[in-house]
Every structure is written in structure tokens, then in C-alpha cells.
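Here the protein sequences line up with chains A and B, keeping their order.
Quick note: the first sequence uses this note's numbering, first residue 1, plus one each step.
Quick note: the second sequence uses this note's numbering, first residue 1, plus one each step.
No lab work stands behind these hints: they were computed from the structure.
Honestly, I wouldn't trust all of these hints.
Stated by the list, open to error - A short, non-exhaustive set of chain A residues, derived as facing chain B with CB atoms under 7 Å: (1) Arg29; (2) Ala35; (3) Pro39; (4) Asp41; (5) Leu46; (6) Phe50; (7) Gln120; (8) Trp169; (9) Lys225; (10) Ser245; (11) Leu249; (12) Phe253; (13) Ile257; (14) Ile293; (15) Lys294; (16) Ala295.
Said to hold, decoys possible - If you anchor each label on the Cβ, the simulated ranges turn out as follows: (17) A:Ser302 x B:Trp3: 57 to 67 Å; (18) A:Val222 x B:Ala15: 31 to 41 Å; (19) B:Gly108 x A:Ala291: 46 to 56 Å.
Each residue gets a CB set at the ideal place from its N, CA and C atoms; glycine is no exception.
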Amino acid sequence: MPDLPNPVDLAVPAFVLLMLAEIVVVRVRALSGAAGYEPRDTLASLLLGFGSTVAGALFGGLAVAALIWAYQFRLFEIGYAGWAWIAAFVLDDLAYYGVHRAGHRIRWFWAAHVIHHSSQHYNLSTALRQTWTGAFTLGLVFKLPLVLLGFPVPMLLFVGGINLIYQFWIHTELIQRMPGWFEAVMNTPSHHRVHHATNPGYLDANYAGVFIVWDKLFGSFVPEKRAGEPGFEPIRYGLVRQLGSFNVLWAAFHEWIGIGRDVWAAPWRAKLGYLLREPGWSHDASRDTSATIKAKWAARASYRAEPEALPA
Amino acid sequence: MNWALAAGSLAAVLATAGIVAWLGLGRGARIGEDQAARLAEDLLIDFHSREAIVDRDGRSALVRGEDGSFALLRLHGAHPVARRLSAPLSIERDGDAFRIDAGERRFGSTAIRNDKLLTLL
Numbered sequence: 001m002p003d004l005p006n007p008v009d010l011a012v013p014a015f016v017l018l019m020l021a022e023i024v025v026v027r028v029r030a031l032s033g034a035a036g037y038e039p040r041d042t043l044a045s046l047l048l049g050f051g052s053t054v055a056g057a058l059f060g061g062l063a064v065a066a067l068i069w070a071y072q073f074r075l076f077e078i079g080y081a082g083w084a085w086i087a088a089f090v091l092d093d094l095a096y097y098g099v100h101r102a103g104h105r106i107r108w109f110w111a112a113h114v115i116h117h118s119s120q121h122y123n124l125s126t127a128l129r130q131t132w133t134g135a136f137t138l139g140l141v142f143k144l145p146l147v148l149l150g151f152p153v154p155m156l157l158f159v160g161g162i163n164l165i166y167q168f169w170i171h172t173e174l175i176q177r178m179p180g181w182f183e184a185v186m187n188t189p190s191h192h193r194v195h196h197a198t199n200p201g202y203l204d205a206n207y208a209g210v211f212i213v214w215d216k217l218f219g220s221f222v223p224e225k226r227a228g229e230p231g232f233e234p235i236r237y238g239l240v241r242q243l244g245s246f247n248v249l250w251a252a253f254h255e256w257i258g259i260g261r262d263v264w265a266a267p268w269r270a271k272l273g274y275l276l277r278e279p280g281w282s283h284d285a286s287r288d289t290s291a292t293i294k295a296k297w298a299a300r301a302s303y304r305a306e307p308e309a310l311p312a
Numbered sequence: 001m002n003w004a005l006a007a008g009s010l011a012a013v014l015a016t017a018g019i020v021a022w023l024g025l026g027r028g029a030r031i032g033e034d035q036a037a038r039l040a041e042d043l044l045i046d047f048h049s050r051e052a053i054v055d056r057d058g059r060s061a062l063v064r065g066e067d068g069s070f071a072l073l074r075l076h077g078a079h080p081v082a083r084r085l086s087a088p089l090s091i092e093r094d095g096d097a098f099r100i101d102a103g104e105r106r107f108g109s110t111a112i113r114n115d116k117l118l119t120l121l
């Protein structure tokens, strides 16, 4: 078994340099009134990223151990052939699509992933706002089929790291559009801005890691509207219910605390729903899910349009 | 865990945030008089604004909705956050400001300096 490096560790200096370059460009262009970065938000994002590496060191071994254990039940001996690296990268990205989609549609998974969406900014520091509690979800079940097919675990960890590195550069407002062929196949800043948006029309879209084709294949792709297009509105990033706090511990654990409170207070028949249903679900329908938000938004859009539609 | 990498990362974290502060990024945002009502509707999906009072420094606003509820807005760094509140509001006088409690410990209270606020209630 080869001793592969963690590519994310090797990429850290590049992350820092690119972030500094983005900061300078934001300052020079005075983008959004130079609101592209905010010191407390940046500090929170980077501390959350740092905490994520600590959490990974503490708990990441559990998931790796589980995958290594499962490897003994593999169907094929794939090994480290050249084609296997490419296949592993593509299939791992498909697995990422699955775990990421689950991260938005199952509250238990969302509790771990929400940290990444908790900034109201969208810049390279946001990319580093990574989970502390991912090991406490069952995200690894999405990687399990690859292990059982026979892809070596170190290979999967390595391509997973490359996947994460790829996703760094797409967290920026500085790049509007890539060339058409690239936008058609790959995840890009434009596609991922939609994913981070709280505008109702953009909710629950573009779960891709590297290849946007998965969203197109599974019906979750939404293109970003350009200024001047019908229905265009500036993107609002973050959470539907913004935290209003720069406290990193609150950002990391607020949803877990919310789940705990809801499960405790709910009637027995509804307890599991607060863990396994979509974020915003409640047994008495007193809260909004992304589906109800979209429905209200559509109703409001027609309400606003109605007076104009009436004849004078 | 690579301790040298961890120490270097932590130093880079503090330095980067320091540079952002030194360059003065994220300052100067404000909520405009004509912006508050629309913001409330954008941030709270089923809220329909009737009238708004904005803090004289543009840091916060209170918007009354058509159904009698209120939207409390305030800048959180460079971007606005909102909470929907029901009447009666929990308001305290704090010097020349009115301090409105959102009922959430983490969200805290929001100061609005504008004497017209009372006309909204």
C-alpha cells in the first residue's frame, strides 16, 4: 500500500497566497463597496477551517478505519493502475454529489455541513469554512460502494483531497463565467454561487464537487442569472435564517443544538423526523422548508406582478 | 497531526484576518431609508412591508408588516440580518437609542437611534 501524501496539506500555502491575491483585488476594485471581505467574517471562516483540520485529525481516523475494514470484502482487485486513478476520481466525485445532496436534504447531515454555508460572504476564505462534525454523520456510506468495488482506500482519500482542492477556487465572486465548454462540464464559480445563495429560486441546487454534469443528470442544476435577465436579483449568501453571530462555536454546533432541543420537545412519533427529514421540517408545519419557501416566493412573485397585469 | 503545519496555519489565519482589517474591507455598509422595506421582504420570505424606520447611522431598522408583525434588521458586519418579531416588542430606552430585544441570546438586542420609531409601534 503506497504512502500517499495528503494533497490538502500540500495545497495550504497556495490557499493562503490565492486568498491574499483575492483580498488585494477586492480592495483595489472596491468590489461591493469592498464588502467582499470583512475581518470578523474572515477570521471566523479561517478559524473554522483550522478547527476542521483539528477535528479531522481527532475523528477522521474512524471513517478511514471503517473503510479499510470494508476493503477486505472487495469484489475486484483494482490496484493502482493509471485508469483506476481516473475512474476513482470520477466515481468519488459522484459519491461526493450524493453525500453533499444528503448534506442539504437530511437535517442530521445538514448539522455537519451548515458550517460551510454560515458566512454571508462568498470568497476564498468561505471555502475553508469546513465541517467539524462530519465524522458523526454517515457520509462514508456514499464512499463504501467504491471500496467494495475494490478501489484502494489510500487512492480514494487522495482523489478526495484533490476534489476538495478543486473546490477551493470556485468560491469567488471575482470570476464571472468560464468558457462555455468548461461551464457545461465542470463546477465553476458561477454554478457554486447559486449553491451558496439563499434566494428562494436558487435553494437546493448545484451540489456538484468537480463535475456539474451530476446536477444536470439528477435534475438539481440551476444556472446563475446574469444582470439584466428576467428574474435577476443579486445573490444573498449564507443561511435562510442568518446566524447574526461571528461566534465560531455557535457556527459549528448551532444546528446540533437545535436538533437536540427539537428531538427533546417533539412528541415521540415526530422525534426521528427532526433528525432525518429536511432542514426546516417540523411536525406541526410551523417552520419553512426550502419547498415551502419556494412556494411562498412563487406566490409573492405572482402577487407582486398581479397589479401590473391588470388592465388600466 | 502535523504540529508545524498547524502552527503555521494558525499564524496565517490571524495574519490574513489582520490584513483584511488593515485594508479597511467590509466597512461603510448601511441600510438606506428606501432599502429597509425591500430588505425585510427579501430576508423574511412571507413578510409584507408597510413602513420602515431606519437608524440614523444606517446600522439597523425596524419595519412594520401589513399583518402587524415587525422585521428587525441590523447590519452584521457588512451584510444585513433580520428577525421577524410579533407585537408587543421588547423595547428599552438606552440613552438616545431604542434597544429592541429579538428574544434570542445569540442574536442579542439591536439599537435604533431614531425618535420616529415610536410612531411605528
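Verification of the supplied hints:
no. : hint                            : in the structure
1   : Arg29                           : violated (11 Å)
2   : Ala35                           : holds (4 Å)
3   : Pro39                           : holds (4 Å)
4   : Asp41                           : holds (5 Å)
5   : Leu46                           : holds (4 Å)
6   : Phe50                           : holds (6 Å)
7   : Gln120                          : holds (4 Å)
8   : Trp169                          : violated (17 Å)
9   : Lys225                          : violated (15 Å)
10  : Ser245                          : holds (5 Å)
11  : Leu249                          : violated (10 Å)
12  : Phe253                          : violated (11 Å)
13  : Ile257                          : violated (10 Å)
14  : Ile293                          : holds (5 Å)
15  : Lys294                          : violated (9 Å)
16  : Ala295                          : violated (10 Å)
17  : A:Ser302 x B:Trp3: 57 to 67 Å   : holds (59 Å)
18  : A:Val222 x B:Ala15: 31 to 41 Å  : holds (37 Å)
19  : B:Gly108 x A:Ala291: 46 to 56 Å : violated (31 Å)
When each numbered hint is compared with the structure, violations occur for hints 1, 8, 9, 11, 12, 13, 15, 16 and 19.
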